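Mind docking chain S on chain A? Use the hints.
2 protein chains.
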Amino acid sequence: MITAFAPASVGNVTCGFDVLGMAVAQPGDEVTVSFNDLGKVRITKITGDNGKLPMQVAQNTASIAVVEMLKSLNEKRGVDLYIAKKMPLGSGMGSSAASAVAAVVAVNALLDSPLTKEEMMPFVLVAEGFASGSVHGDNVLPCLLGGFVLIQSYEPLRVCRLPVPKGLHCVLVHPDLQILTREARAIIPSTVPLKQAISQTAHIAGFVDSLYKEDFDLMRHSLKDHFAEPFRKSLITGFDTAKEAALAAGAINFGISGSGPSVYSFARDKATGLSIAEAVQAAFAQYDIESQAYVDLVNVEGARVVS
Amino acid sequence: MITAFAPASVGNVTCGFDVLGMAVAQPGDEVTVSFNDLGKVRITKITGDNGKLPMQVAQNTASIAVVEMLKSLNEKRGVDLYIAKKMPLGSGMGSSAASAVAAVVAVNALLDSPLTKEEMMPFVLVAEGFASGSVHGDNVLPCLLGGFVLIQSYEPLRVCRLPVPKGLHCVLVHPDLQILTREARAIIPSTVPLKQAISQTAHIAGFVDSLYKEDFDLMRHSLKDHFAEPFRKSLITGFDTAKEAALAAGAINFGISGSGPSVYSFARDKATGLSIAEAVQAAFAQYDIESQAYVDLVNVEGARVVS
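Heads up: the protein sequence lines correspond to chains A and S, in order.
Going by the working numbering, the first sequence wraps up at 307, each residue one higher than the last.
Going by the working numbering, the second sequence wraps up at 614, each residue one higher than the last.
Hints were generated in silico from the structure; no laboratory data involved.
The structure displayed is predicted, hence computed values, not measured ones.
All C-beta atoms, glycine included, are put in the ideal place defined by N, C-alpha and C.
Heads up, a few of these hints could be off.
[To be verified] Interface residues of chain S toward chain A, partial, derived using beta-carbon atoms under 8 angstroms:
#	residue
1	345
2	460
3	464
4	493
5	499
6	505
7	507
8	519
9	529
If we strip away everything but chain A, and leave its shape as in the complex, we get (with noise of 0.2 angstroms):
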């Protein structure tokens, strides 16, 4: 029996819409796996999803990534998998994406690893594109291999594992909103204007140099968003009261986690990250908006076995 656990994940890392993810230290999912009698795989049990995750294999993101890593490895035996879900659902924090990713971990390791990391890319891939209806590497590819991932290509696959300078921490607030992904989608017009578009590559080479030369004043100013920001932030209630209150409160940036409705925050360091954590939710308070808060190091090491 192997536990495996794997971290929330910011994607649409603000200019990197689309492109760039990362992923934090805590909070995570775990899954638990064994192998069972009946030659193929079984949710066994799933906890901490107030029951609104499918149990259906063919449903659920974990078992889908399990199910086509065990027909690439031409693996026979059935594994039963056990789902301790421990954050919000459908939040924008790649709830979805860390129950693939613990389970393919804890899976591998059940089969005496036969696979690296970045052999287990596909099947996290499909099972996130099951779960957002296109295939998006910014949250599970974070989520798998740790730190900051740039998908400079989906066809081929080419990822760039970015550096995380040392102490970065990550402020993670999930209001109690809802957004519909599809509207989220529809919301962001086809077309760029040129001097924009120009502007958004800019930043995200910024950005890159940033995580590089561990320059905290370029990531701040590289962190900006012409794609999705401007017009998504009409989905989250008081968004731009938060954000002033969390760069008052010392935050690097502010911006919405994958398509939200969770925002976050960097910071160089816990302290400061807890007092932005605090504005934060005090800022979404004033709309009666209750809030969770998460803050963490930025996670270098992806998911991982944890017995």
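Okay, now just chain S, sitting in the frame of chain A:
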């Protein structure tokens, strides 16, 4: 009497349209300066321009930059400039930028170096603004500073100096074609499909990463442009043929230098660079187009005093 050298440069480095430039080791312009008794700036001689460049102080980028600099330093002494052009004019190789930068660097030395290179940036940007009708720093700043320069923001000016992989060569080929800057600009659409804008952000981010990792394969896959090349290449007869020839000869990439007509490739060593130059010149020759080729290291020090 002081002489300074400033190199040719490639603006619009493919995935970095408008924001990324680099300088080459050779060719470059030389400007020689000395004090005069007139209390003003004067151009005493220009060579290598076939009589095409203006001698009037208010019309020439070199003198414009020097006038700005002297004004800023509250310097009342007059300066004579002798400009030795050593590269083709209006070629997309940063010719006007090189003269302005060499002049400013020479005058700074003449004044016992009151300014750092960073402090000289505003003066050469003003001159470039005069030359091109709008402020673009992707020639003048790498020419001054050397290496790859990202302009992360213009207002305020924020510049990132990026690392240069050891041994990286640049091949510059100037085909004997005329391109009107006005036409080169007008041909670029003012909006971009979101998908291509996203792809360009992934490419430039991958390119910055490739410079740090000295990963030439990643560099190859990142040097792609959706914004300008697909449209501007129609202004350069033989572009596709030359591109094919360059890549077949081992080029990492092939693209337009600045707004053309010059084209450029990166190569991992000088021998490959020479083969690429030969192949590209042969391709243009098929269209009865003469060309000049330059193969040298990517410049890492920028403009410098030579005597």
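Going down the list of hints, with the structure as the test:
1. 345: Cβ of residue 345 of chain S sits 42 angstroms from chain A, so the hint is violated.
2. 460: 7 angstroms, holds
3. 464: It is violated, given that the least Cβ distance between residue 464 of chain S and chain A is near 12 angstroms, above 8 angstroms.
4. 493: With a minimum Cβ separation of about 13 angstroms from chain A (threshold 8 angstroms), the hint on residue 493 of chain S is violated.
5. 499: With a closest approach of 5 angstroms, the residue 499 of chain S hint holds.
6. 505: OK, holds: residue 505 of chain S within 8 angstroms of chain A, min 5 angstroms.
7. 507: Residue 507 of chain S check passes; min Cβ-Cβ to chain A is 5 angstroms, inside 8 angstroms.
8. 519: Interface hint status for residue 519 of chain S: holds (5 angstroms vs cutoff 8 angstroms).
9. 529: 7 angstroms, holds
Hint violations for this structure: numbers 1, 3, 4, all remaining hints satisfied.
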